[in-house]
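Novice: The chain contents come next:
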Amino acid sequence: MLSTVIAIAEQVRTGQRKAVEVAEESLRAIDTLDHELHAFLAVAAEPMIQQARLVDQARERGEPLGLLAGVPVAIKDAICTRGLVSTAGSKILSGYVPPYDATVITKLRAAGAVFPGKTNMDEFAMGSSNENSAYGPARNPWDCARVPGGSSGGSAVAVAARMAPAALGSDTGGSIRQPASLTGTVGVKPTYGRVSRFGLIAFASSLDQIGPFATDVRGAARVLSVIAGKDPRDATSLDVPVDDYEAACGKSIRGLRIGVPEEYFAQGLDPEVEASVRAAIASLEDDGCVVKPVKLPHTRYAVATYYVLATAEASSNLARFDGVRYGLRVREAHDDLRAMYGKTRDAGFGAEVKRRILLGTFVLSAGYYDAYYLKAQRVRTLLRRDFEAAFGDVDAICSPTSPTPAWKLGEKMADPLAMYLSDVYTLPASLAGIAAMSVPCAPTRGGLPVGLQIMAPALRESTCFSLAAAWEARLPTQLPPLGFER
Amino acid sequence: MVFDRARVRHIAKLASLSLSDAEADRFTSELAAIVGYVEELNTLDTTDVPPTADVQLGLAQWRSDTLEAGLSRDEVLAQAPEVEHDGFAVPTFVET
Numbered sequence: 080m081l082s083t084v085i086a087i088a089e090q091v092r093t094g095q096r097k098a099v100e101v102a103e104e105s106l107r108a109i110d111t112l113d114h115e116l117h118a119f120l121a122v123a124a125e126p127m128i129q130q131a132r133l134v135d136q137a138r139e140r141g142e143p144l145g146l147l148a149g150v151p152v153a154i155k156d157a158i159c160t161r162g163l164v165s166t167a168g169s170k171i172l173s174g175y176v177p178p179y180d181a182t183v184i185t186k187l188r189a190a191g192a193v194f195p196g197k198t199n200m201d202e203f204a205m206g207s208s209n210e211n212s213a214y215g216p217a218r219n220p221w222d223c224a225r226v227p228g229g230s231s232g233g234s235a236v237a238v239a240a241r242m243a244p245a246a247l248g249s250d251t252g253g254s255i256r257q258p259a260s261l262t263g264t265v266g267v268k269p270t271y272g273r274v275s276r277f278g279l280i281a282f283a284s285s286l287d288q289i290g291p292f293a294t295d296v297r298g299a300a301r302v303l304s305v306i307a308g309k310d311p312r313d314a315t316s317l318d319v320p321v322d323d324y325e326a327a328c329g330k331s332i333r334g335l336r337i338g339v340p341e342e343y344f345a346q347g348l349d350p351e352v353e354a355s356v357r358a359a360i361a362s363l364e365d366d367g368c369v370v371k372p373v374k375l376p377h378t379r380y381a382v383a384t385y386y387v388l389a390t391a392e393a394s395s396n397l398a399r400f401d402g403v404r405y406g407l408r409v410r411e412a413h414d415d416l417r418a419m420y421g422k423t424r425d426a427g428f429g430a431e432v433k434r435r436i437l438l439g440t441f442v443l444s445a446g447y448y449d450a451y452y453l454k455a456q457r458v459r460t461l462l463r464r465d466f467e468a469a470f471g472d473v474d475a476i477c478s479p480t481s482p483t484p485a486w487k488l489g490e491k492m493a494d495p496l497a498m499y500l501s502d503v504y505t506l507p508a509s510l511a512g513i514a515a516m517s518v519p520c521a522p523t524r525g526g527l528p529v530g531l532q533i534m535a536p537a538l539r540e541s542t543c544f545s546l547a548a549a550w551e552a553r554l555p556t557q558l559p560p561l562g563f564e565r
Numbered sequence: 054m055v056f057d058r059a060r061v062r063h064i065a066k067l068a069s070l071s072l073s074d075a076e077a078d079r080f081t082s083e084l085a086a087i088v089g090y091v092e093e094l095n096t097l098d099t100t101d102v103p104p105t106a107d108v109q110l111g112l113a114q115w116r117s118d119t120l121e122a123g124l125s126r127d128e129v130l131a132q133a134p135e136v137e138h139d140g141f142a143v144p145t146f147v148e149t
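Protein chains in written order, with the numbering used here: chain A, 80 to 565; chain B, 54 to 149.
Just chain A, same shape as in the assembly (with noise of 0.2 Å):
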């Protein structure tokens, strides 16, 4: 079975590994265990094979090797890859191949990373369980009835079941932290900015942060120093220097004060998963962390607002697939531009996308910009405002993830508002930018992973480390029923 991100890339720069054989072994685990869970909607066997090649002959000439020399890394498709189908999980990108990288492709394989394969994905990153993949879901490998999250969730099965000890996401609402969640995985939401968004097919540009998924604590912490800086493509992508993530999975924690939000255990908490959560922030207390109360008063508007500013950006961005330049064109004969358009969107967008565009471009049109699209800029404002207040008297805030474990695939998929609420812990530090991550806590008695959310402020992801790290110590790593060979 695959170790972790740092044992992968110390075996392979000391030579007790070659790189080509890590390669076989996640191709190995993804030959064995995909065809049930459909982490993947594309596997990169030869590439891969010969990106760790490159990597092994680097050595021989006793070159220096990258932080991630040889460890494998799933890439969510939304992710642009010259010369790999990237489809962000939408029959209107079928077969798109990109003619360039995403600036965090290019740090990773400057790291010496090797990549697998493109993760499947909610539709344009639009979902919460998988389910709006144009392929078919992934499955959660603790359980194949139950969705796995999304809209990352291919990268999350992918690290789940150890097809590869690292993945990246992407989270525009939750996307790689709920995932982790619900598969017992760590996944991180970067501050907005920390990491570029260069080569991300977009979905709301004011929200969506790339991050990693890894097996262990050290492991996202060590991706996410690669991925993690300025870069010149991106204007957003913050010029402030990257802190040593790794030492901060060393550091401790004595003396942290840790926030509990009220709004965070609220009706539509399930309680086994209270009881997890509950059960790991009196662990922090008991590595010394001094845990208090904070108020979160506008939690309960996160994901009217939410719905309200994510959509009127998708419908935005999505305006670009039209048929002209890349992906799909539908066309009869007789069509003009217009009918061509819109042929091609009824025919490539799947039913939440198209939900999401009538939506955004409702809130923005003539006559109720104000009513809806301003107002819901406004409330954001007082989210913000609420974790600012609470980060003056605590360095972090902890919550559940999800306030469920994994659900079973179908059951949401009639109720779209359903499916939006399931959301409501993860959307506020998107909302405000912040730095958050999953971590796994104690399972429930039937088995299903559950995780602990750990906010901090903007640039603050050394703390969510520290913490998580610490954490860990105390969790030893589950796996999930696979039947892997130890």
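Take the hints with a grain of salt, since some may be wrong.
Here chain B is said to cover these stretches of chain A; the calculated rule only asks that three of the stretch's residues, wherever they fall, bring their Cβ under 8 Å from a Cβ of chain B [said to hold, decoys possible]: (1) 328-334; (2) 380-394; (3) 459-467.
Covered stretches of chain B (chain A as the covering partner; in silico rule of three or more C-beta atoms under 8 Å from a C-beta of chain A) [unchecked claim]: (4) 114-126; (5) 139-145.
Derived from the structure by calculation, the hints contain no laboratory data. Built from N, CA and C at the ideal position, the CB exists for glycine as well.
With chain A held as given, fit chain B onto it using these hints.
Specialist: Below, chain B alone, put in the same frame as chain A:
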């Protein structure tokens, strides 16, 4: 706020989406429910609250405008569904 099928058809036109009748019906009831939920924002008084359009920390910078090589024409056109005369082919949109 009344959310009927005519409104959904109008919005779909703005968004360049041609919907089937079945889709239009389905979205009418679903969007009515979602918009109804969103209206709970109106219970908040935001008179003196400025809007947040982005969460930038005031640190964003434009890059310097230096020339560098972009993608070649062939690379760009390689993904187009239809190419004519080294360009993207589209249906006629100007009457001659």
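Novice: For every hint, state whether the structure bears it out.
Specialist: Now for the hints, and whether the structure bears them out:
1. 328-334: violated (count 0)
2. 380-394: Since 7 is at least three, the answer is holds.
3. 459-467: holds (count 4)
4. 114-126: Since three or more residues must qualify, the claim that chain A covers the region 114-126 of chain B holds, with 4 doing so at under 8 Å.
5. 139-145: Holds, because 4 residues of the region 139-145 of chain B bring their Cβ atoms closer than 8 Å to Cβ atoms of chain A.
Hint violations for this structure: number 1 only, all remaining hints satisfied.
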